[in-house]
Structures are given as C-alpha cells and as structure tokens.
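Student: Chain by chain, the residues run as shown.
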Amino acid sequence: MSFGPYAAFIVTSYALVAAMVFFLIAWIALDYRRQQQRLRELEASGVVRRSARPAKEPSSATETR
Amino acid sequence: MTLTTTLTYLANPTKFLSLTARVLPWLIAATAIGLAIGFYLSVMAPDDYQQGATVKIMFIHVPNAWLSMFVWGVMSVAALGTLVWRHPLADVAAKAAAPIGAAFTFLALVTGSLWGRPMWGTYWEWDARLTSVLILFLMYLGLMALWRAVEDPSRAARAAAILTLVGAINLPIIKFSVDWWNTLHQPASVFRMGGPTLDRAFLVPLLVMAVAFSLLFITLQLAAMRNEILRRRVRSLQMMQAGQQAA
Numbered sequence: 173m174s175f176g177p178y179a180a181f182i183v184t185s186y187a188l189v190a191a192m193v194f195f196l197i198a199w200i201a202l203d204y205r206r207q208q209q210r211l212r213e214l215e216a217s218g219v220v221r222r223s224a225r226p227a228k229e230p231s232s233a234t235e236t237r
Numbered sequence: 007m008t009l010t011t012t013l014t015y016l017a018n019p020t021k022f023l024s025l026t027a028r029v030l031p032w033l034i035a036a037t038a039i040g041l042a043i044g045f046y047l048s049v050m051a052p053d054d055y056q057q058g059a060t061v062k063i064m065f066i067h068v069p070n071a072w073l074s075m076f077v078w079g080v081m082s083v084a085a086l087g088t089l090v091w092r093h094p095l096a097d098v099a100a101k102a103a104a105p106i107g108a109a110f111t112f113l114a115l116v117t118g119s120l121w122g123r124p125m126w127g128t129y130w131e132w133d134a135r136l137t138s139v140l141i142l143f144l145m146y147l148g149l150m151a152l153w154r155a156v157e158d159p160s161r162a163a164r165a166a167a168i169l170t171l172v173g174a175i176n177l178p179i180i181k182f183s184v185d186w187w188n189t190l191h192q193p194a195s196v197f198r199m200g201g202p203t204l205d206r207a208f209l210v211p212l213l214v215m216a217v218a219f220s221l222l223f224i225t226l227q228l229a230a231m232r233n234e235i236l237r238r239r240v241r242s243l244q245m246m247q248a249g250q251q252a253a
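Each protein sequence line maps, in turn, to chains A and B.
Each number in my numbering corresponds to the 1-based position in the first sequence with 172 added.
Each number in my numbering corresponds to the 1-based position in the second sequence with 6 added.
It is worth saying that the hints were derived from the structure and are not from the lab.
Nothing here was measured: the structure is a model prediction, and the numbers come from that model.
Mixed in with the good hints there might be a few duds.
[Said to hold, decoys possible] Label-pair ranges, simulated between beta-carbon atoms: (1) Ala194(B) with Gln209(A): 42 to 50 Å; (2) Ala198(A) with Pro178(B): 30 to 38 Å; (3) Pro177(A) with Val90(B): 48 to 56 Å; (4) Gln56(B) with Phe195(A): 32 to 40 Å.
[Said to hold, decoys possible] Looking from chain A toward chain B, a few residues come up when the C-beta cut is under 7 Å (computed): (5) Ile182; (6) Gln209; (7) Leu214.
Backbone N, C-alpha and C define an ideal beta-carbon position, used for all residues, glycine too.
Let the sequences and hints guide you as you build the complete structure.
Tutor: Structure representation (structure tokens):
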C-alpha cells in the first residue's frame, strides 16, 4: 500500500491521533488508580464517609444514611 | 424511565458509579471495535481525484473537529445544569469534559494543518474557521486553568459554568464562519441542506470514524467523571481528617 508523495503527512496525522488517544486513556486510568489508592489510605487510617459507616444500634437509628 | 427520573437517579454519585462500572466495559469494547473498523475503512478508501491520498486525513480530522464543538455543547448543557437545576453531577461532567474537548480540538487543528500543507501550500492561515477553532482551543485551556485555580469545587463550578455559556457563542461562529466570511476552509460537505456532497466511498469511512470517536468520547467522559467523583470523596475525607486532627 502506498500513500504517494503525501505519506509523511498522512502517517504523522494518524500517529498523532493514536498518541493522543493513548495519552488520554493512560492519564484517566492512572488517575483512577491514584484516587482509589488515596481513598484506601484514608479509609485505612480510620476516616470513612458518613454513608460508609456501619449503622448504629436501633436505639439511635436516626442516622441511617 | 423518563429523562427526569433518569437525571434524578443519576444525582446520587454512588448510583452513578455503580452504573458506570456496569456500562464501561461494554463501551470500551464498542469503541475498540468501532475504531478498528473505522481505521480499516479509512486505509482502504480510494484516493480522491483532487486530494489524492490526503483524503485519509479527513477521516480523523473531521470527527475530531465535530467533537471539539460537540464537547463544548455538552459542557454548556452541564453549565445550565449547574446554574439552573443545581444537579450534583453537572459540574463533575463539565470539569471531566474540558481536557477531552481540548484534546479533540488540538487534534482537529494539527491534522487540519498537516492536510493544509500539501493541499493549500500552508500549515496555517488566519482565516475565520481556523482562527475561531484556535480560540475554542484557548477557551478549553482557560477553563482547565480556572478549575485548577479555584480550590473549592462548587465556587469553581459556578465561574466555569458562566465562562462556558459565554464561550458557547463561539460555536455558531465556528459553524457558519465558512458561510459568513470568504475563507480558505471549504464549506460544510456532510451536514448541509440537500444532503452530503461526498461520494459514498468517502462518506462511509468518515461516518464510521465519527461514530467510533463519539463512542471514545462517551467512554473517556464516563471514566473521567468517575475519577472526579472519587477525587471529591478524597477531598472531603481529607477535610474530615484535618478536622479530627484539629479537634
């Protein structure tokens, strides 16, 4: 397959798009891992969201979110 | 399920994360298949009688150019969601979309430039279409800078929403710039009165690529929104931790 005299322009265009798409995917995937890691560390240190806390005894069942 | 019910359901970040976890694997698979088919059709498309093989650049340039505007449109709807309906995920959606939109706009500019050099004899011309898309790119960068400059997400969201809605004025300028001014850029050849002027041999790979890149945007957008929700949870837990330590 030949792209003729403009092969360099065509190949560069597709390579740039592929590189940018891979960069976006890698950036989002790494960010996901980083946020999950931070959440795990915080929860391991005893800090938990209100909604993630275990429900209290029935006598004080007003905070059940 | 009506639109209102769906939006109300998705107002709960935990439910949104659950939905995202179920939908993302399917979206990733559909995007990969779409891009593979689109790439194959693009490479196999015949040369144009005027553009030669550079017509293949159009199969990536045009979808990126469409998405550069579409993403700003999505952000504008999200901005309304922030300012008018105060939907909890509206500013999450807007913040997640900005870097993705900037990437599509950058690719539209660069691939257009790489097509322009052999076809127009220049990488760049300060004509209305090219300049208005460059302004769109700069507005994306400005929005991203604004999100980073203001620490409180809710304050940043309101400022970013206003800037987004003001910036939406640029969308019709980009779309109609080729009609309003005498530009080097050619007028619309797909979405126009009277139907597309493209031959089917070029229209099919172009539309397949457009669908594939749209799927890519939806996939990246959902994944980036999921990350933003987690980032806000981390932030609130860090504030709780700081409060506990101070007490």
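Student: So, for every hint listed, does it hold in this structure?
Tutor: Taking the hints in turn, this is what the structure says about them:
no., hint, verdict
1, Ala194(B) with Gln209(A): 42 to 50 Å, "holds (47 Å)"
2, Ala198(A) with Pro178(B): 30 to 38 Å, "holds (35 Å)"
3, Pro177(A) with Val90(B): 48 to 56 Å, "holds (54 Å)"
4, Gln56(B) with Phe195(A): 32 to 40 Å, "holds (33 Å)"
5, Ile182, "holds (5 Å)"
6, Gln209, "violated (10 Å)"
7, Leu214, "holds (4 Å)"
Hint violations for this structure: number 6 only, all remaining hints satisfied.
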